[in-house]
Each structure stands twice: as structure tokens, then as C-alpha cells.
Amino acid sequence: NAGVTQTPKFQVLKTGQSMTLQCAQDMNHEYMSWYRQDPGMGLRLIHYSVGAGITDQGEVPNGYNVSRSTTEDFPLRLLSAAPSQTSVYFCASGKGQETQYFGPGTRLLVL
Amino acid sequence: GENVEQHPSTLSVQEGDSAVIKCTYSDSASNYFPWYKQELGKRPQLIIDIRSNVGEKKDQRIAVTLNKTAKHFSLHITETQPEDSAVYFCAASKGSGYALNFGKGTSLLVTP
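Those protein sequences? They're chains L and A, same order as listed.
Take 54 as the starting number for the first sequence in the working numbering and just add one per residue.
Take 802 as the starting number for the second sequence in the working numbering and just add one per residue.
Here are the computed lysine to any residue pairs in the SDA-like style, where the Cα-Cα straight-line distance is at most 25 Å:
no. : chain 1 : residue 1 : chain 2 : residue 2
1   : A       : Lys843    : L       : Gln90
2   : A       : Lys843    : L       : Gln138
3   : A       : Lys858    : A       : His877
4   : L       : Lys62     : A       : Gln846
5   : L       : Lys148    : A       : Asp850
6   : A       : Lys872    : L       : Arg97
It should be emphasised that the hints constitute simulated quantities derived from the structure, not laboratory data.
Using the sequences and the accompanying hints, generate a full structural model.
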């Protein structure tokens, strides 16, 4: 199993550009989540999904969209990037009572 | 929403000493409390977790205690080693482990 994979590893955007951060897992996990990590702030939940077709907002959802059309994939969309969205983004997945496993992260720089 | 506070923000100990990190949470409905270790430039990795029906859990040099009445839980690392140096995060969740609310982290430095 590849586990949780994220692409790209690093991305530079200009303010106002859009992009999609990809997240995929091959462990048949029900739950998938997106977090952002900023210095001194810990990890903050952006959006999460408890199954295909079901998503919900976390602590910091503004500026981000998600969809879950398959069990395996949970992309995060930035519609109009802002410098405040410069961060490291982690995707995580889990199943039932099991813990979440994190992907390797995507470093995003918005100029 | 849930608010998780973590103390201290930095902790320096000598090799062989014990380290204790404490977290408090606000939502009494939270029932799952994991601890993650994150090395520089790496992803967070689970080191131990505890559920609300258990008061203490141990795994070799690591232990976690939970006091549901006081709404706090702690991580204990004994016989610390330099490779324990990392940032540690506590978290709380009302669900099965998804939708975690994290503390802001503790940077642990173990000096030889």
C-alpha cells in the first residue's frame, strides 16, 4: 500500500490563481480530512469527509472547497489564492475507530 | 467548538530525564485523545492515543493519562533519548478520530 499520497510536494502561486491539491489513499478508509499547519498554530482542520459524497467544514474552511466523489480521493481546491493561504497542507485518512494517518504534506507559497 | 490548550510550548530536558506535556480540552463530548510526534519537515505520526473509557495507557517509554472530570490529559516520556527531540501535538475529537482539534504543539529538546 502507498498509504496517503499528496501532490504536489511544493507549489508557488500568485495571488488570485486557483489550484487543486490532490490527496489519495489506497487503504479503503472512510474518513479523510484536510489540515493546514502554520508556525505556532498547530494543525487546523479545514474540511473533512466521512464517506463518498459527504463533506463538512472544519475550523478554517473559508477560501477552500472540497468534494469526495470516490472513497480514494479527496481534493482541496483554492478558488482564488491569497497570501494568507501560504501554509503546509496535510491530508489524513482513517477508518472506524482507527486513528488517522497523515500524508507527506504540500508546501504552498502564495505571492 | 472544541478548544485544546497545550503546555509548555517548549521543553528542554537532559537525556535520561522524564518529560511531561499537558493538554486541556473544553468540550466534554470529546472522547478520543491522540498524541502525534512531528520531526522537522516530516508528517505528524501517531505515537499513542487514549479513549474516554480508559484512564491510562502505556507503550514502552511513553504513557498517556486522562482525567475526564478535569478535562485534561498528559503525555509522559520516560528515559528520554536525543531521538525523542521533536514537536509533540495533542488532539481531541468527538468522533472516531477524524476531525481532530489540535493543541499548538510542544517543542521537546533532549540534550545528551
